[in-house]
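Sequence order for the protein chains is P and F. Using the numbering used here, the letters of the first sequence map in sequence onto residues 1 to 113. Using the numbering used here, the letters of the second sequence map in sequence onto residues 1 to 448.
No wet-lab data here; the hints were simulated from the structure. Some clues are possibly wrong.
Here are the simulated lysine-lysine pairs, DSSO-like style, with alpha carbons at most 27 angstroms apart [said to hold, decoys possible]:
#, chain 1, residue 1, chain 2, residue 2
1, F, K230, P, K60
2, F, K415, P, K50
3, P, K57, F, K230
4, P, K58, F, K344
5, P, K50, F, K223
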Amino acid sequence: MKYIIAIIQPDRLDEVMTKLEEKEIHLVTVTPVMGRGRQKGISEIYRSHKEAGSLLKKVKLEIAVNDEFVKPAVDAILGGAHTGHVGDGKIFVLELPECIRISTGEKGRPAIG
Amino acid sequence: MSKVFKSPPFWFFAAFLLFTVIATVVAAEEVVPAAAHAAVDTGDTAWLLTSSALVLMMTPALAFFYGGLVRRKNVLSILMQCFMLMCLITVQWVLFGYSLSFGPDIKGIIGGLDWFGLKGVGLEPNPAYAATVPHQAFMIFQAMFAIITPALILGAFAERMKFSTFCVFSLLWATLVYDPVCHWVWGVGGFLRADGALDFAGGTVVHINAGIAALASALALGKRQGYPDKISPPHNLPFAVLGAGLLWFGWFGFNGGSALGSGSLATNAFVVTHVAAAAAGLTWALLDWIFNSRSTVLGIITGAVGGLVAITPAAGFVNVVGALWIGLGVSVFCYMAVALLKVKFGYDDSLDAFGVHGVGGIWGALATGLWATKAVNPAGADGLFYGNPAQFFIQFKAVIVTAVYSFVVTFVLLKVLTAIMGARASQQDERIGLDLSQHREAGYTVLE
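Only chain F is shown next, with the shape it has when bound in the complex (with noise of 0.2 angstroms):
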């Protein structure tokens, strides 16, 4: 057999085979039956249901976005990662990443495993999340943003990561940096949200903390081969546009189902989403206009993806006059992080997943410290432009504990993988693309 094509090792196999007897002796637990619950709102349970859809479908959409942005030999390689998120991270998440997240509080730190394999998380209501709808349509919404978090990440190590690596990857980074900052902000008795901090659909728990990360392991698996200047340009920017509008219809589900409700908040959500969005790539395309001399396609949607990013944090606690400026100021800041700091420092963020995550997701979550208002939301807070520049430090506590925990936990596990495993593809198989040497197929046919 060529050194080229190396087979997954058996435990690899075994993990999968452990996972699969685990999951039958979860199953076998009695489910509380279907009853009708009092306290259940239908309209609020229907749009949850269906942001949850929504939020599914981001997974996927990124998988365009980027997959659009590699060179022709690795395009399935990011797809099948995306794919491959969306079936691990669920089976993590109803066996323990769900209780680790938000099951009951230990110290603060990290929720319990009481509800291992989602014992007790029933169709009732959970009133401690959402009074309103069964506590398993909670447990499946947030299901889709466990799964899109290491999503995000892969495009910082995208083209050259081995697929074993990375499946082993994406699970501990699930259990060791999601499921914890993810108790921290959301969970009750976490230490941030009991600080006060606010995070409204997940700007420090998905975008900062996949954005971080995604600089970590751009550094700890370094340069692609050719990098900067032997890499090929996208191979299919249509395909990213269509991936980028795809996150963008997903987003509704996103923000406006982190109401958990269906009134007036996720209708607040809704509309900034789409106003910050639009600002965002409204912005880009200036800026590469004033200095490329062009609007770019790339551009654009990079813009709107910036501001849908960015305004995620703030969506149930600013108003549209928020949204303009967090989308305006998202694309600034972006815009210089990937034209300026990746060439200043050199490291290869493939994808800039943190020049548009990282440094979006800082300034969406700093930006809810200036423009939150308690006429948007009464259970939020005022920020800094409403008179409480307290807000503003509540909030920039929780990216640098988020940032510094989400850097140092990812480099370390990907030096202990790198030494355990090894987390590059060789460089023959990095040449001759992952398509064919993490999976034996090829995205696009030449000859009929």
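In isolation and in its complexed conformation, chain P is listed as follows (with noise of 0.2 angstroms):
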């Protein structure tokens, strides 16, 4: 089992969520967060005072799978997230050792999909 955290820009959540469908993907949990990154951020204005803008608008998405959907997710969030712009954002996974569903208290393999 996997964990998967990708952070995107906001603007690409709709078409991420479309390719994880395709890949019959359904489980995710979303965030908006805040975060920096090598980018510069848009600096906002206010009465002509601009401010720094030094974190930006992302949005978090999480997925737990079982190995054989690592490379589907990934791929499906590379497809949707990628514009080849500083900023797009990045994909980190990690060793899932438990997972248990609350509902029925299933464990591991079964209690991800």
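Relying on the hints, combine the two individually framed chains into one complex.
So, in structure tokens, the structure goes:
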């Protein structure tokens, strides 16, 4: 089992969700987050005072998958979020030791899907 | 109990209790029955009462205009301060504020206390102020102005003032600054009125007065922690837009109602008010476009409010051409004030109460001396562009007198209050936010 965390641009979310659906990956947790990467942000202007805008709006996806779904999930995120510009985001893949479904108490492989 | 939450001092409640007792005594007095008064014009009265309601609405509108511009943790403190003024100043006004402002003149400086508790202020018209409406209609219309004026100031000390001190300050400011200045300009016998200074709806009394007091309080209280680099942007600009829109709407009562009747003068005031707001909003949008490469929402609403401020003293004296120039000019001056002046001098006028109301008010008062014409209002005067340069200097004197008085008294008052009870919230309270530290409430929940 793997735990996939992806930080992407907010405007790419719809596209990523569509691609995940196509790969039959339905389980995903989405959070709006603030973050900072290599790219410069768009500074905001309030009554002529420019805000530095050091943190940018991003979207975080969290997906737990069985091993055979890791590549399809990563491909879906890449396909939906890639534009080739700095600031497209990152994907992290982590080992996932355990997973428990709260409604049934199932553990491991069957609990994820 | 944690140090964060301090109870207001006992005397704070004692003062309110005293108010209630006095109010009960006053209310027991006989009121003249509402018989049909021959001189009362129902059209005029209907418009003045409607206008009073419109002007009252401007204070909650201002609350949203300001409330949207502060950080999330302070939104309620702004709403609360505005709402408190609606309650506090109303009681002050009917007890003695109206009498100090409009009561029988004492040496051109202040009204006497003859009308304490509205004694003698009944349903008969008072021809000295408004011959065709009940005296109480005029009184309650003026009450709304007395409420919103201290509310304008709070933009300058937003996000850092202790609530108990705010209440005491507002009550004293209304009594020591608003009521006298109101008397000078509008009270029968007031010395600026006797000079011939033109202030149709409160450019001097309300906007310069509040705007300069705002500058004085920004200086007296000092900057917010983290100003200017570490202050988050406005937390809810849609609130600010809602507030600005309702201010514009309410301003038709503010200026249109100041005709104290429903005829042609009210119409002129209504029209030029609208035109000046539009011209000013447009000008600010263009200035933003030129200097910041984008026109901003906060910019256009700031401009529109500035236009409303500037046309206020002029609304009953200028025509549409004057209104266009006043609207155009105010955005240029206010833009310079908030974008350049504030940065250069480094004072923390948090929501630009001075930058918009002070600067816009001064421009409006002076511009009235430029574009006023008797063709609009025979009871007014001609301005510089209509062959009477003297009017400009009369306006100038009224501006200087009001500005100096307001600045000095406000500054001293706040310094005295700082010494007695402390004006600023503690550093920790300020960091936590005034909503939680002063009111033990939160504007928004995070979890359902």
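Verification of the hints:
1. F/K230 with P/K60: 26 angstroms, holds
2. F/K415 with P/K50: Not satisfied, since the Cα-Cα distance of roughly 33 angstroms exceeds 27 angstroms.
3. P/K57 with F/K230: Answer holds: P/K57 to F/K230 is near 18 angstroms, not above 27 angstroms.
4. P/K58 with F/K344: Not OK: P/K58 and F/K344 at ~35 angstroms, beyond 27 angstroms, violated.
5. P/K50 with F/K223: Given that 27 angstroms is the threshold and the Cα spacing comes to 19 angstroms, the pair holds.
When the structure is compared with the earlier hints, violations turn up for hints 2, 4 and for no others.
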